[in-house]
Amino acid sequence: EAQVTQNPRYLITVTGKKLTVTCSQNMNHEYMSWYRQDPGLGLRQIYYSMNVEVTDKGDVPEGYKVSRKEKRNFPLILESPSPNQTSLYFCASSLYASQQGKYEQYFGPGTRLTVT
Amino acid sequence: GESVGLHLPTLSVQEGDNSIINCAYSNSASDYFIWYKQESGKGPQFIIDIRSNMDKRQGQRVTVLLNKTVKHLSLQIAATQPGDSAVYFCAEKYSNTGKLIFGQGTTLQVKP
Chain A
2 EAQVTQNPRY LITVTGKKLT VTCSQNMNHE YMSWYRQDPG LGLRQIYYSM
52 NVEVTDKGDV PEGYKVSRKE KRNFPLILES PSPNQTSLYF CASSLYASQQ
102 GKYEQYFGPG TRLTVT
Chain B
614 GESVGLHLPT LSVQEGDNSI INCAYSNSAS DYFIWYKQES GKGPQFIIDI
664 RSNMDKRQGQ RVTVLLNKTV KHLSLQIAAT QPGDSAVYFC AEKYSNTGKL
714 IFGQGTTLQV KP
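Line by line, the protein sequences are chains A and B.
First residue of the first sequence: 2, per our numbering; consecutive thereafter.
First residue of the second sequence: 614, per our numbering; consecutive thereafter.
Keep in mind the hints are simulated off the structure, nothing from the lab.
Here the structure is a predicted model, which means the values were calculated and not measured.
Any given hint could be a false lead.
[Said to hold, decoys possible] As a list, the in silico SDA-like pairs of lysine to any residue whose alpha-carbon atoms are at most 25 Å apart:
| # | chain 1 | residue 1 | chain 2 | residue 2 |
| --- | --- | --- | --- | --- |
| 1 | B | Lys655 | B | Arg674 |
| 2 | B | Lys712 | B | Asn666 |
| 3 | A | Lys58 | B | Arg664 |
| 4 | A | Lys103 | B | Asp662 |
| 5 | B | Lys655 | A | Pro40 |
| 6 | A | Lys103 | B | Glu628 |
| 7 | B | Lys655 | A | Pro62 |
| 8 | B | Lys712 | A | Ile13 |
| 9 | B | Lys712 | B | Asn631 |
| 10 | B | Lys655 | A | Arg73 |
| 11 | A | Lys58 | A | Thr115 |
| 12 | A | Lys58 | A | Glu2 |
| 13 | B | Lys712 | A | Lys18 |
| 14 | A | Lys103 | B | Gln722 |
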């Protein structure tokens, strides 16, 4: 089944404790992206990757890191989480990232993160 | 920074009627626009997209209209059904990048 998976789905952690949220897709997609969703603010892009070893900042990259060593995986790293990073996080992927490509984006189920 | 906005936070329609959800965007250089649907407890789901060199695109029961002159995007849903109840987001892609900016969303409520 074609899908985007995220782990963990729920996480409660404390300020300053490094964490990683994994994202994996089995569709051989070039483009992958991370978003956070907060009430009243909609979806905001954190980082995106056009292909392996190519990553770029989205709208709200501060406090986050990503890597794209393999095509299927795009982990989101919070080196020192703070309470303002409490949010619902979504990973997404699309087949093509070229100039004329489509960005349909298949979204994962979301990871609800609470930082105390 | 620039952002994509939706005109109405909530839209309530009668089952069977047509729905129109509007979106205003700010970046005249954006080259690609997308509509997503998000049901409660789920991730967003792609509905339809349109490139900046087009002004209309039709899908199954949905039509997207793009007016670049006034930087306006709309999603029309024909014969709205209860299953269409969800939050709808528009998004714009900045030209020559993979950067996507989403609007805040419009909640569509379908009354039986």
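Practice prompt. Measure nothing beyond the straight line between the CA atoms of B:Lys712 and A:Ile13; if it is 25 Å or shorter, mark the hint as holding.
Written response: Cα-Cα ~29 Å, so violated.
Notebook entry, point to check: Is it true that the CA of A:Lys103 sits at most 25 Å from the CA of B:Asp662?
Noted result: holds (8 Å)
> Within a Cα-Cα threshold of 25 Å, do B:Lys712 and B:Asn666 meet the stated pairing?
Replying inline: Roughly 19 Å separates the two Cα atoms, so the pair holds.
When you check the alpha-carbon spacing of B:Lys655 and A:Pro62, does it fall within 25 Å?
-> holds (23 Å)
Are the Cα atoms of A:Lys58 and A:Thr115 separated by 25 Å or less? Given pair A:Lys58, A:Thr115 holds - Cα atoms ~23 Å apart, limit 25 Å.
Within a Cα-Cα threshold of 25 Å, do B:Lys655 and A:Arg73 meet the stated pairing? holds (21 Å)
query = Holds or violated: A:Lys58 with A:Glu2, Cα cutoff 25 Å?
reply = Violated, at about 30 Å.
Check your understanding: Straight-line Cα separation of B:Lys655 and B:Arg674 no greater than 25 Å?
Key -> holds (22 Å)
Next on the checklist: Just to be careful, I want the Cα atoms of A:Lys103 and B:Glu628 compared with a cutoff of 25 Å; is the pair within it?
Outcome noted: Status violated; Cα separation ~32 Å.
message: Please verify whether B:Lys655 and A:Pro40 have alpha carbons no more than 25 Å apart.
response: Answer holds: B:Lys655 to A:Pro40 is near 15 Å, not above 25 Å.
Between A:Lys103 and B:Gln722, is the straight-line Cα distance small enough, at 25 Å or below? violated (29 Å)
Next pair to validate is B:Lys712 with B:Asn631; report whether the Cα-Cα distance is within 25 Å.
violated (32 Å)
Checked against the numbered hints given earlier, the structure breaks hints 6, 8, 9, 12, 13, 14 and satisfies all the rest.
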